[in-house]
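**Q** Chains as they are written, first to last, in this note's numbering: chain A, 1 to 313; chain B, 314 to 619.
Derived from the structure by calculation, the hints contain no laboratory data.
Wrong hints could be hidden among the right ones.
To be verified - Only some residues are given here: those of chain A computed to face chain B with a beta carbon under 8 Å:
#1 Leu144
#2 Leu155
#3 Gln156
Said to hold, decoys possible - Over the 12 Å line for every Cβ pair with chain B, so calculated as not near, a few chain A residues:
#4 Gly14
#5 Lys51
#6 Tyr82
#7 Val116
#8 His226
What the hints assert, rightly or not - Which residues of chain B face chain A? A partial, calculated answer using Cβ under 8 Å:
#9 Pro464
#10 Ala475
#11 Leu551
#12 Leu595
These figures come from a predicted structure and were not determined experimentally.
Cβ coordinates follow ideal geometry from the N, Cα and C atoms, glycine included.
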Amino acid sequence: MLTYISKRTAGTIGVIFIVSMLTFACMHMIPGGPFDAISLEKQQLVPENIKRGLNEKYGLDAPVWKQYFLFVKNAVLLDFGYSITYPNRTVVSIFRDHWGYSLQLGVLTFLFSVIVGVGLGIIAAINPNSIFDYLGTGVSIFCLVIPGFVFAILLQVIFSVWLGWLPTGGWNGPKYWIMPVLANSLAPILILQRYTRTSMTDAMQANFVRTARAKGVSKTRIILIHVFKNALTPLLTVGGPLAAGLIVGSFFIESIFRIPGIGSYFVLAIGARDYPLIMATTLLWTVIISIAYLLTELLYAWADPRVTLVKEL
Amino acid sequence: MKEYPDLESAVDSVSFAAMDRSNFDQKALELKRFWRRFARNKIAVVALAFIVLEIVVAIAAPYVVPYDPYKGDFLATWEMPGSSHWLGADDLGRDVFSRLIYGARISISVGVLSQLAIALVGVPIGALAGLRGGWFDYVVMRFIDVLSSLPAILFYIILMVALGAGFWNLILAMTLTGWVGMARLVRGQVLTLKNTDYVRASRSMGAGTFYILKKHILRNVMSPIIVAIALGIPGAMLAEAGLSFLGLGIPAPQASWGQIIGMYQSYIRIAWHLTVFPALVLAVTMLAWFLLADGIREALATTKPN
Numbered sequence: 001m002l003t004y005i006s007k008r009t010a011g012t013i014g015v016i017f018i019v020s021m022l023t024f025a026c027m028h029m030i031p032g033g034p035f036d037a038i039s040l041e042k043q044q045l046v047p048e049n050i051k052r053g054l055n056e057k058y059g060l061d062a063p064v065w066k067q068y069f070l071f072v073k074n075a076v077l078l079d080f081g082y083s084i085t086y087p088n089r090t091v092v093s094i095f096r097d098h099w100g101y102s103l104q105l106g107v108l109t110f111l112f113s114v115i116v117g118v119g120l121g122i123i124a125a126i127n128p129n130s131i132f133d134y135l136g137t138g139v140s141i142f143c144l145v146i147p148g149f150v151f152a153i154l155l156q157v158i159f160s161v162w163l164g165w166l167p168t169g170g171w172n173g174p175k176y177w178i179m180p181v182l183a184n185s186l187a188p189i190l191i192l193q194r195y196t197r198t199s200m201t202d203a204m205q206a207n208f209v210r211t212a213r214a215k216g217v218s219k220t221r222i223i224l225i226h227v228f229k230n231a232l233t234p235l236l237t238v239g240g241p242l243a244a245g246l247i248v249g250s251f252f253i254e255s256i257f258r259i260p261g262i263g264s265y266f267v268l269a270i271g272a273r274d275y276p277l278i279m280a281t282t283l284l285w286t287v288i289i290s291i292a293y294l295l296t297e298l299l300y301a302w303a304d305p306r307v308t309l310v311k312e313l
Numbered sequence: 314m315k316e317y318p319d320l321e322s323a324v325d326s327v328s329f330a331a332m333d334r335s336n337f338d339q340k341a342l343e344l345k346r347f348w349r350r351f352a353r354n355k356i357a358v359v360a361l362a363f364i365v366l367e368i369v370v371a372i373a374a375p376y377v378v379p380y381d382p383y384k385g386d387f388l389a390t391w392e393m394p395g396s397s398h399w400l401g402a403d404d405l406g407r408d409v410f411s412r413l414i415y416g417a418r419i420s421i422s423v424g425v426l427s428q429l430a431i432a433l434v435g436v437p438i439g440a441l442a443g444l445r446g447g448w449f450d451y452v453v454m455r456f457i458d459v460l461s462s463l464p465a466i467l468f469y470i471i472l473m474v475a476l477g478a479g480f481w482n483l484i485l486a487m488t489l490t491g492w493v494g495m496a497r498l499v500r501g502q503v504l505t506l507k508n509t510d511y512v513r514a515s516r517s518m519g520a521g522t523f524y525i526l527k528k529h530i531l532r533n534v535m536s537p538i539i540v541a542i543a544l545g546i547p548g549a550m551l552a553e554a555g556l557s558f559l560g561l562g563i564p565a566p567q568a569s570w571g572q573i574i575g576m577y578q579s580y581i582r583i584a585w586h587l588t589v590f591p592a593l594v595l596a597v598t599m600l601a602w603f604l605l606a607d608g609i610r611e612a613l614a615t616t617k618p619n
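Throw the hints in and build the complete structure from the sequences for me.
**A** Next comes the structure, spelled out in structure tokens:
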């Protein structure tokens, strides 16, 4: 067990390193730097000597490998430097001020999609080929084919423009949460519904359920005691990464609904070639998602003693 | 009538062996059998018809569009859907319907070309990793680990920022990130097939690696590969739409559904038609491709022994 954890942790650190190098290399392949133009529309260029000075100030004149080592050294100390688009703010302060919004959106989305997805999956598994089953399948097909941002647009048109019930964007209270959460939860609902239905169906066909039924145990008791416990353990494997994906924010939903979270900052940072912000965001995501995977595996092994953490093949 | 798929496939395989048909006959027969199974799923047939129609319209686009999709008409700016412009016109007076048809060209070609490129790269690498094992397998597996440990959209975004927006860059970015999925699929299949009795028998009779690969393994891996490609096409279309929406996919004068949605998303109050129609077209197209892929998967599924 301990060797397994240390091995996996080493692997995770390796992944984080490789992703950081990849991002760094890509960012530096981009033609054009952050200090090329004062205004793109007016074709106004920054004078050469000022550009040199700015590059010096932000350390962009050193050789690439030196810049990378400096970056790693500072990143370990959680110092990602100053954002280039918002020169008076450090990357860490941007995260501190804006991650909260992404976190709220993510948590709400997660709760909503667990209730809907798992609920639909359970109902469908208990009554196969019933109207509920078809409803669940219908919902999951809808979630599969409609991209989140397309659904977001349709919601905006219907509920904000035509009916005028909900605000088009912002993040000031429950009224503002409804549409972003709905649009953001399509993919999670799809995954949870399908997963729950399959694992519930599998558990209901297991031998111990047949035995319980033969003993005359009531249907409710069978489902509550025997099926649930066994069916919901596999859900951990999808739930962990799903939650991690949600709490890091969504570029599409956040920028459509003008939610000032990390996702919309990332989109702005891409346009502005804000290296420090792009690197920090990518790295943070890598770290969170990798840790979520690791925790999920350990949690799963703890919840289901049959699972051995020995590498397959 | 009750169907006996097991019996049917058994009879087919016996007749193949017994009659020693020419290769061409055999291919035609397999295709016929595939079509028979596929045609049972009426929904998939409808989806196929829709996709064929869309492809024909996309190819014939210059002849079917009512207006030039790139030419603005200042008298028609922000025009609502009506008799002259069926789906309205955008801020430059360009006809939305014509632009959507040109968008279909982008969407379909990105979907199909990226999946073909992914298959071309991923299949040989996966097959080689599975067959040879050793250091090559190890390196490929580590690549797969890293690339599949993060959401693909993140890699797409980083790559597109580095490469710059554009049609071929989009396909390159998708291939660079997408090949690992295909390689993993093929590798897994090869590992299972490698130890089947008929491959062992063939090897014991002196068959070489490439003969086995061609004769036994690739033929059996074909179905999962086709299904993966069919499922990958709508996935790539979605990625194209998403990246173009963010302004990283197809650059401005060209028309892409996602890009139109992204550009006019903030004008939703004064011109809903500019975002709703591309959104609907994208959704319907995605639905059709998924249903088609599902039909193909069902038709190719070999009857599993219980």
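**Q** None of the hints should be skipped; say for each whether it holds.
**A** To see whether the hints hold, each was checked on the structure:
1. Annotation: Leu144 (chain A) was flagged as interfacial toward chain B, and the flag holds, the nearest CB pair being 6 Å apart, inside 8 Å.
2. At its closest, the beta carbon of Leu155 (chain A) sits 10 Å from a beta carbon of chain B; the interface hint therefore is violated under the 8 Å criterion.
3. For the restraint placing Gln156 (chain A) at the interface with chain B, the shortest Cβ-Cβ distance is roughly 6 Å, inside the 8 Å limit, so the hint holds.
4. Some Cβ of chain B comes within 12 Å of the Cβ of Gly14 (chain A); the nearest lies about 8 Å off, and the non-interface call is violated.
5. Lys51 (chain A), annotated as away from the interface, keeps every beta carbon of chain B farther than 12 Å; the closest lies near 21 Å.
6. Remark: the non-interface label on Tyr82 (chain A) is consistent with the geometry, its nearest Cβ contact in chain B lying 20 Å away (cut-off 12 Å).
7. Annotated as non-interface, Val116 (chain A) keeps its C-beta farther than 12 Å from every C-beta of chain B; the closest such distance is 20 Å.
8. The Cβ of His226 (chain A) lies farther than 12 Å from every Cβ of chain B, with a closest approach of about 25 Å, so its non-interface assignment holds.
9. Nearest Cβ of chain A to the Cβ of Pro464 (chain B): about 6 Å, under the 8 Å cut. The hint holds.
10. Satisfaction of the interface hint for Ala475 (chain B) is found here, the shortest Cβ-Cβ separation to chain A being roughly 4 Å, below the 8 Å cut-off.
11. Satisfaction of the interface hint for Leu551 (chain B) is found here, the shortest Cβ-Cβ separation to chain A being roughly 5 Å, below the 8 Å cut-off.
12. Annotation: Leu595 (chain B) was flagged as interfacial toward chain A, and the flag holds, the nearest CB pair being 6 Å apart, inside 8 Å.
The earlier numbered hints that this structure contradicts are 2 and 4.
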